[in-house]
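J.: Here is how the chains run, residue by residue.
2 protein chains.
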Amino acid sequence: MHVLVLGAAGMVGRKLVERLLKDGRLGTGEISRLTLHDVVAPASPEKAGFPVEIVAGDFAVAGAADRLIAGRPDVIFHLAAIVSGEAELDFDKGYRINLDGTRMLLDAIRTAGGGYKPRLVFTSSIAVFGAPFPDAIGDEFFHTPLLSYGTQKAIDELLLADYSRRGFLDGIGIRLPTICIRPGLPNKAASGFFSNILREPLAGKEVILPVSEEVRHWHATPRSAVGFLLHAGTMDLAACGARRNLTMPGLSATVGEQIAALKRVAGDQVAARIKREPDPFIMGIVAGWPRNFEAKRARQLGFTTAESTFDDIIRIHIEDELGGKFVD
Amino acid sequence: MHVLVLGAAGMVGRKLVERLLKDGRLGTGEISRLTLHDVVAPASPEKAGFPVEIVAGDFAVAGAADRLIAGRPDVIFHLAAIVSGEAELDFDKGYRINLDGTRMLLDAIRTAGGGYKPRLVFTSSIAVFGAPFPDAIGDEFFHTPLLSYGTQKAIDELLLADYSRRGFLDGIGIRLPTICIRPGLPNKAASGFFSNILREPLAGKEVILPVSEEVRHWHATPRSAVGFLLHAGTMDLAACGARRNLTMPGLSATVGEQIAALKRVAGDQVAARIKREPDPFIMGIVAGWPRNFEAKRARQLGFTTAESTFDDIIRIHIEDELGGKFVD
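Sequence order for the protein chains is Z and W.
Going by the working numbering, the residue at position 287 of the first sequence is 287; the numbering climbs one at a time, nothing skipped.
Going by the working numbering, the residue at position 32 of the second sequence is 32; the numbering climbs one at a time, nothing skipped.
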């Protein structure tokens, strides 16, 4: 089985590749070849039981998608995107990468010939939804994105479904929750604080909370995100019918509940490193974000999270990222 | 006021142009210039109180949209599209006209410069929805088109909303019901029978009904469609907020109710010209179509139909198309 990962240098991409290398298989299929692509070269794995090819470059230029699928990958994980802030600031770039790039990939597959029909797993986003929302967004709620990024993802979802319906590929789009706890350095994205307020105190550092403790949001661990991708890459898609885009399960929690979990798992002294400095700009942005989803359909189709409480989310971070230890 | 109509040679386009010529104004604005475009040259009006320019050609080629908006029309009615059957048969053509053509128009407006920000009225379609449906489709029901045509329209809606949100234009998308009674020759489209079974008997001709009388569908007269377009071209769009695409009001009726109305308005002898010949192919297609909508939001925003019963639909056809007379 030949697996291609687009956006392999990103956070979720790296975690997915680590797991593919560790397992050596995807579902019942043994991996015989792995192609890793990103705009900057993804790290070359130190040891792998099969050939790994590294490709760097812009995938939204003429011919790039054709070259990427020239080796006829059986499963394609398409995680490549310009993030929401950049897509909002640079209109042309956002549409070029997030819409045209994806369409070029779909068209390269469609016109490849020889009966080529790969599994395509596409990471969409809850940004396809825009306020006002019901308390919990159902699986049949409409898409009214309030950012160009969400617009581009919603369009990609429609293309993916149509190309699947026409038999050109076997596609599935998954809308990931906000990833928490996001490893690495503090993120300047408006959503960064959801992870920062947990990750930084666990590393012994002070951190600023820019919103009120009542703010509610939708979360899943990096471990769950990788689990969703693997399931999407292997499940029988006949059960999806024509509705190929799914909101993934997650945990709805307020910032106050996040902090309470941090206290339970790591102690009051760790949680005391959170400093409250309300930022009206960030509060304004966050007010338009989804808070909770039903995600019934994805659960029925076998998508499961690795965590069932916010305490689990923190424990998984300590286990997967901190070698089991934190600064208390 | 300069008005541009794209798709001016189509049935709805012709009716809209007739009305604009008759009124000489759009809302409170006096029309000073009219540009009519279609792939084949729209008919040149015999007398108009203002200059009328006729443009024929493919609008989805480089530079065409820039030329169409070179005169900076204040209001653009964009009705141009490849119909659903053709978009399904010719994948490339459907995407090129229905998606790329619309995007080229939006981008021509975006990059026109000089603070140009026209009103853009786009005709979308109830084909953005795909079965299974609730009994009456609400305004927040999601878009899962089951045809490439519906996919293209749903994508155009997303683009229209994003370009409006970013301030490039003042756009509104309206999803028209199936037009009934559609004037002209019997239509070979799968939906043609909804009009054929009324129009042909009123003209003294026999007609075939290919489905059962229980089939329910969503209708509006050509007169209502023109009314929707005029309202969309003149209303204050601030009330729409970021949600710029609306399902238009209509009448939900079964084929049996259509026939009963025909009997009431024109008599049993006219309705007797309908011959029942069930066609499993057409029945299969129609089974996946929407039957009923709530359309609350459009009504709240001032969209109204010219008809309140199916009897009205038949009377309006006799009045507008048959000079008040039918063959009894």
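Among these hints, one or two may not hold up.
[Stated by the list, open to error] In silico SDA-like pairs for lysine to any residue, Cα to Cα no more than 20 Å straight-line:
1. Z:K296 <-> W:A131
2. Z:K296 <-> W:R166
3. Z:K93 <-> W:R166
4. W:K93 <-> Z:T234
Calculated from the structure, these hints are not laboratory results.
J.: Tell me the numbers of any earlier hints that the structure contravenes, in ascending order.
T.: Those not satisfied are hints 2 and 4.
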